[in-house]
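Same order as they appear, the protein sequences are chains G and C.
Here the first sequence stands for residues 1 to 289, numbered as in the working numbering.
Here the second sequence stands for residues 1001 to 1418, numbered as in the working numbering.
Take these hints with a grain of salt, some might be off.
Said to hold, decoys possible - Simulated coverage check for chain G against chain C, where a stretch passes if three residues somewhere in it have a Cβ under 8 Å from a Cβ of chain C:
(1) 202-208
(2) 255-264
(3) 279-288
Unchecked claim - Taking lysine to any residue and the SDA-like style, the derived pairs with C-alpha atoms no more than 20 Å apart in a straight line are:
(4) G:Lys289 with C:Ser1264
(5) C:Lys1329 with G:Ile226
(6) C:Lys1267 with G:Gly238
(7) G:Lys150 with C:Ala1326
(8) G:Lys289 with C:Trp1030
(9) G:Lys242 with C:Glu1301
(10) G:Lys249 with C:Asp1324
(11) C:Lys1267 with G:His235
(12) G:Lys242 with C:Ser1264
(13) G:Lys244 with C:Trp1030
(14) C:Lys1267 with G:Gly265
(15) G:Lys244 with C:Asp1332
(16) G:Lys244 with C:Leu1314
(17) G:Lys247 with C:Trp1030
(18) G:Lys150 with C:Lys1267
As the list claims (entries may be wrong) - Pairwise CB distance ranges, derived in the manner of DEER restraints:
(19) G:Asp215 with C:Pro1414: 35 to 41 Å
(20) C:Arg1075 with G:Asp229: 47 to 53 Å
(21) G:Asp215 with C:Asp1324: 42 to 48 Å
(22) C:Pro1322 with G:Lys289: 31 to 37 Å
(23) G:Pro251 with C:Pro1171: 49 to 55 Å
Treat the hints as calculated values from the structure; they're not laboratory data.
In this text, all values refer to a predicted model and were calculated from it rather than measured experimentally.
Cβ coordinates follow ideal geometry from the N, Cα and C atoms, glycine included.
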Amino acid sequence: MQLVISAFMLFALAGCAVQGMQDHSHHHAGHETHFEPHYSESLFKVTENKLFSVEMLLKQGNLTVGSNGVDIIIHGQGNKDVEDATIMVTPWMPEHGHGVREESVVTERGAGLYSVDNVNLTMAGLWELTVVISAAGKKDQAVFSFPGVKLERMAGHNGKHASHAAHGGHGKPRHEINLAKSVLSERKLFQVSYAASPATVPLNRIHTWEIGLQDKEGKPVTGATIKVDGDMPEHGHGLPTKPKVTKEKRPGLYIIEGMKFTMPGWWTVTFYLDTEQGTDSVTFNLDLK
Amino acid sequence: MYKRIIPIVLSVVLLAPGYSFAVHPDVHSWSNEEIALIRSLWLGSLHPLPDDPSNAYDTDTQAIAFGKKLFADSRLSANGKVSCATCHIPDKTFTDNLPVAHGMDDTTRRSMPLAGMAYSPWLFWDGRTDSLWAQALGPIESPVEHGISRTKCVIIISNHYQQEYEQIFGPIPELDKTYKETARPAPDNPEIQSQWEAVSVEDRKAITLLYANIGKAIAAFVRTIVHEASPFDEYAEALFNGDIDRAKTVLTADQAFGLKLFISKAKCINCHNGPLFTNNDFHNVGVPARKGYDPDMGRAEGINLVQANEFNCLGRLSDAGPDDCAELKYIDTDTEKYHGAFKTPSLRNVADRPPYMHAGQLKNLHEVLKFYQNEARKRSAPGNNGFGTDIVHGDITDEDIDYLIAFLRTLSGPIKSY
């Protein structure tokens, strides 16, 4: 089934790419700039008023529910790279009439390349990414459509900085959720582990977790302030409770009460860690039966 | 051109009405993953009846017997005609067949069935109480349900159940004859409220304690109302034993196919999960308000009400210890998220108890499934203030609806109580 889904995704994306290319050839008329993509596997669109072209590369090879990264190459008049542009990438679910709360983070990499992270899609279905470009007093936009965005069970779940993605870094989709109960935090400051009680995370029953927090040397990290957040990426809703850290049972071992899951399927639980050694976060994946 | 035609022809063949017949010969064979899901729904997977830490009497046999009498006693009402059993009729799976409950007058919501309720952390459609005993006390003082007061309860218990009560809970308070029988806390009714304030602080405490105790006795009885095995459970057991021949005698191919849809494409199991076919959580399915009724805020209000409820798990009258009451301590207080959300009802015996939804808006199961097929896909429901919906069922066909209903009928089994 996983394979079928990913095959479908690749097909859908290939479809997008072809669509993009066709758009481009249609707009090639009169004395308008002839825009050309750099990469054959990219998604390519000319903006609505034909001021820019937008070439999009999906860092993970496709868009999935959760946090995504894309690289964008902007060309302007004369098919030249556009630098110092302000880029906004906004996800929208046209069939549901909503977007997402979190804003995407855009980093300019030079030579017309902009790296966009935290493109957070909250549920499966049809998504549009609107790319708004403002450069040298000109503003224009292009809308990319992604039908059938699905849960792609990615290992980890952390938005990696694939700075070379534009240069052929076509991430291979992985098909397993990383269900590890001990993982490195996002900024790699801490090794974090959890143990649920009962050991098999139950459905529909409120229960307790223990969080073990260690630094890179394996020493317990004490006195941390920990906030808990849960999400069901395929459904776009959070936990049915507000769990809290109630005590540090022994150095580096924190008790979290009020954990509860009321649907089978893929859940993520994120802990935001505030410690003397710095702030970081860590996300665990659960596949609840 | 051929490339385009072939897939279309294939899909016509696959999606034609005959499709299900092609599926049926194998419908009784299940993958390991499906068996695991069926096991999760099987009544045999239900954990033992929980003991409510906020109710010290809920396993006390005397309290259970006393609670059973109170449950059926219509003297506990303003017109002498309304008991708990008026709306929770034992022969009708402990609910009634009305769109909205009717006690002294019409209420705004459907009577909830009671079987297996001891497993639910939240009671009522909006979860405005967190125990069976706190739940039982709500209707007694509601003007449209039993319509009496806690003060009147002291008089009734003293007149009719003195010995039984005192054996379990200790002495009944003797009340000042000047107290009004209708005295109860009533912030929305100044006259009744002033009657209550005329009662001495000490007596108010004593009256409220007795009131809580009769709630605890009723709860002890309600806790014993449980489901017994249905044809679905027998089918599941046959599958676990590898006895396909027996399984085929319990569920028809149509019913088994409905089960397959239930746990897969139709996504019913997302919320109707576990052996009671409910996650006891709150969801806005986008069902419009009952005709002529205001939009109902559901859980968004229930969140505030349960935290303010004097009979909640953390309250003075609760018997819970400091480590109990996790559900209330860690309640999700995001009221915006729960606008128009109502508790997922159990689907056990669901075919026996039309009408459906929180205000009986839908007459039969077909209407419910049609609703999920058509209406629940919309973001907002007319008459529901544009509250979002968070339920998505798969793309179910009319034929699927028939199979799903066939399956839902296999969830009816006996209901047992003390």
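How the hints compare with the structure:
1. 202-208: Since 3 is at least three, the answer is holds.
2. 255-264: That given contact holds, which follows from 6 residues of the segment 255-264 of chain G lying within Cβ reach (below 8 Å) of chain C.
3. 279-288: violated (count 0)
4. G:Lys289 with C:Ser1264: It holds: about 13 Å lies between the C-alpha atoms, which stays within 20 Å.
5. C:Lys1329 with G:Ile226: Since the Cα atoms of C:Lys1329 and G:Ile226 sit roughly 17 Å apart, the hinted pair holds (cutoff 20 Å).
6. C:Lys1267 with G:Gly238: 18 Å, holds
7. G:Lys150 with C:Ala1326: With Cα atoms ~35 Å apart, G:Lys150 and C:Ala1326 exceed 20 Å; violated.
8. G:Lys289 with C:Trp1030: Distance ~17 Å between G:Lys289 and C:Trp1030 Cα, so the pair holds.
9. G:Lys242 with C:Glu1301: 17 Å, holds
10. G:Lys249 with C:Asp1324: With Cα atoms ~18 Å apart, G:Lys249 and C:Asp1324 stay inside 20 Å; holds.
11. C:Lys1267 with G:His235: 12 Å, holds
12. G:Lys242 with C:Ser1264: Distance of about 30 Å is beyond 20 Å: violated.
13. G:Lys244 with C:Trp1030: Status violated; Cα separation ~40 Å.
14. C:Lys1267 with G:Gly265: This hinted pair holds, its Cα atoms lying about 11 Å apart.
15. G:Lys244 with C:Asp1332: 11 Å, holds
16. G:Lys244 with C:Leu1314: Status holds; Cα separation ~17 Å.
17. G:Lys247 with C:Trp1030: With Cα atoms ~45 Å apart, G:Lys247 and C:Trp1030 exceed 20 Å; violated.
18. G:Lys150 with C:Lys1267: 16 Å, holds
19. G:Asp215 with C:Pro1414: 35 to 41 Å: The hint (35 to 41 Å, Cβ to Cβ) is violated, given that G:Asp215 and C:Pro1414 are roughly 59 Å apart.
20. C:Arg1075 with G:Asp229: 47 to 53 Å: The hint (47 to 53 Å, Cβ to Cβ) holds, given that C:Arg1075 and G:Asp229 are roughly 51 Å apart.
21. G:Asp215 with C:Asp1324: 42 to 48 Å: 36 Å, violated
22. C:Pro1322 with G:Lys289: 31 to 37 Å: 33 Å, holds
23. G:Pro251 with C:Pro1171: 49 to 55 Å: Holds, since G:Pro251 and C:Pro1171 (Cβ atoms, about 52 Å apart) stay within the stated range.
The earlier numbered hints that this structure contradicts are 3, 7, 12, 13, 17, 19, 21.
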